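These protein sequence lines map, in sequence, to chains A and B.
So the first sequence is residues 189 to 775, counted in my numbering.
So the second sequence is residues 931 to 1210, counted in my numbering.
Simulated from the structure, these hints should not be mistaken for lab results.
All values derive from a computational prediction rather than experimental measurement.
Please note that the accuracy of each hint is not assured.
Here are the computed lysine-lysine pairs in the BS3-like style, where the Cα-Cα straight-line distance is at most 25 Å [to be verified]:
hint, chain 1, residue 1, chain 2, residue 2
1, A, K208, A, K386
2, B, K1047, A, K412
3, B, K951, A, K321
4, A, K412, A, K386
5, B, K951, A, K208
6, B, K951, A, K412
7, B, K951, B, K1047
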Amino acid sequence: MNSESGVAGSSSQAAGSAVKVQGLCKDFASFASPWDRLVEWGTLGRYCRHETIPALTDVTFDLRRGGALALVGANGAGKSTLLKIVSGTLFPTAGRVEVSGRVASLLELGMGFQPEFSGRENIVFNGRFLGLKDHEIQDRMADIIAFAELEHAIQRPLRTYSSGMLLRLAFAVVAHVDPDILVIDEALAVGDAYFTQKCLVRIRRFRRDGVTLLFASHDPLAVKSLCDEALLLVEGRCLDWGSPDSVLEHYNSLVARGRSSRAILNMEGVPARVSRRSGTEGNSRRSGNSRALVAGFSLTDASGTACRSFMAGDEGIVRIRALFLDHVNEPTVGLLIRDRLGNDVYGTNTWQQQVSTGSCRPGDLLEVGFRIPLNLGPGEYSLTVALHTLESHVHDSFDWIDRLLVFRILSPPAARFTGTAFLRPTLDVTAPVPLQDLQTWTGTLTAAFGGEPPRMYQVGESTPPWFFQGWYPAERGQEDWFAWTRPSFGFIIDLRGSFLELEVGARPDSRGDQATEADISMGPVSLGRFVVAGGAGWTSLRIPIPPEVSGCAGLVRVTVPGWRASAAGEGGDPRLLGLRVRRIHVT
Amino acid sequence: MVSAVRSTWKFLSGLGGGLVKLLGYRDLLWQMIRTDLRGRYRGSLLGLSWTVVHPLVMIGIYILVFSRLMGARLAGHTDAPYAFGIYLCAALLPWNLFTEVMGRSTTVFLEHANLVKKMAFPNILLHLYVAGTAAVHAAIVMCLFLLFLLAVGQLPPLAALAAWILLTVLQLVLAMGLGLVASTLNVFFRDVGQIVTVLLQVGFWLTPIVYVADILPSPARRMLRFNLLARIAQGQQEAILNHGLPGPGLTAIVAVLALAVLAAGLACYAALRHGIPDEL
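Let the sequences and hints guide you as you build the complete structure.
Listed below in structure tokens is the structure:
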């Protein structure tokens, strides 16, 4: 697709490019003292008194609409700077950045929050910044608070929030602005595992919906599972751009070499622009200083037959032969099993197992066998082998072969399971018995819903947690009632009293003047049937509470036997068939 | 330097488009002003009522202390009991607006560094927000003052009132222009904030607001001609007290200078704005 005008932003709309970065450079000027700046500015720059610190040098990439690009690199490699420039909070020194679409970014922590204001006010404020209209913010408010799980703290000023809570709030806001492009800095690392997981699920949903993702992370799993491309930044330069697997391996091999990244830049004679690699997936990558080399390798089952497919719990044998080109005392031979997403599942080596490998001279061949019970979940795994010294390959890596081979684990048919670990639990189940003590009953309810069940529901209160699925409040501006959309609805109420009073009505516009019949029961005890006249009127019911259920909180269930979703007709609104309830009260 | 010139040119040539873009942020601007007004008295019992109580007490004290207790009299107005208080308020209320806008603008980038660094929006919005907030406050105070004038039967005619308001608006524009320069430079040289504070104090006494120009020795009085703020203050006093209109010459000079200063402020901001987030 050719853009004739070359107008930033609009031209790439149709071309399917969401973020286009060309020859981007960013320098920071550092003055030793404000006087230096005064001298430089005073002489109109004739006397240069600042030191230029390059943060990004000639970075070029193109992120297509709906794509996901991960920025990989060490701290200070320029990832955050790049994200800030794309977000529009920093300005490039040179180069072009074209962004088309609404950008929502989560940079570092907090995103311009106002510490003195409550969480709710900050949501409004930030929503405005992200370009939401007033009614859009109000419509999404409940969802945002629920997503952040901050119902209890939303009225408190933000300065009382923990960093985890701030992150939750920030992510929840960003997650509800319908961005075209989502920019996320390593912020997610701050949250607890539960919320991080929740965020990742949400980000996946964004991706499914076609949102473009630009993401900086140290977490290889997140990079591999979220992104379809990765870009390796080393000291502000783009060193590699390709599939997440190959870029992460490249990054790991840089770390493995144990040289400073500047040395690597010099050694590789960095091309300013690295062309896109294709099809490295499945290829292995080898690095190391070659003081020893992997000379042979085998994976067999317990009987010694070469094998690539095992039943979970089977034993596998890995044999690694190393040829030494240099004199090495106590070399370490190790292996690493990774799952399909690149997570390290298990790795060990002779050092960690405290097995002596002796002193090896040039020309020696050393063989190490690992007999491993493959207590792994079903799926594909890769094997990586390494020769180095001491505990891990970062010290002095001789030879490191990433993903040398792939093997498969099958689930035993008699005991299926999911996940990556084969844990072999034993299960016991007790037969269901009626609950004897009320303490457990009320305690469980209180813990689950955060408070004691109420004795009364009056419309206008926010009572939803105690209502069972399918209810909704009356439309705004209409009279106040709750309605249910299901053939049966329930609510939990404190039944200590003698009567349960209900004010119910039919949906006035639903079935004309036809009466609706409903059954009511409390727990196992049926209380009979009542009839609600059609039309807009209300029927007051006064139902005696039988002694066997009074004295505790209980579930009251109302069933409409005649309810049929199809009665609403083709494309009809099934909500019109429910009952409405105005007041529920135990007296 | 070349890049600064280029970025200035780009900014100024894009000013029209920029205005349209700013217009898209008017909801946010309004939100910021509202938030500020509510936030200032957060946690207090009276809340927003303080915005009225403060100026009420201030005007009350000026008029009581100067006109009643000190018995200050203005030449030519010896019979009017509140004349000095009115003289004082006519220029002091606008001056307070000027000071607030200048003072708060100067530190606005530092104060809101969090927003500037983390959210993408036209940063100049912050200046509009400062000016807007101060203008709302000033409007409340000035309305109270006018109510007082009405009560004592000295409300000036409409034309004089319009002149007073026009001069105050121009003074506000002047404050915004100066504030833009000061806030931008303050990011790079933190001394600017201190300098502005000092200059505002000196400026207050170089301008006949709490005193009458006549008490100055004549060379000093001649120097006042070159003080734009003194010219504005005298115009405001004249309008409220004597119901006299400022000459078209003075109005034109003030208007042209205010707009020129605003343009200079925009140019200064445009030249340096790309460096602002880097320094915060």
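*Which numbered hints are broken by the structure, listed smallest first?*
1, 2, 6
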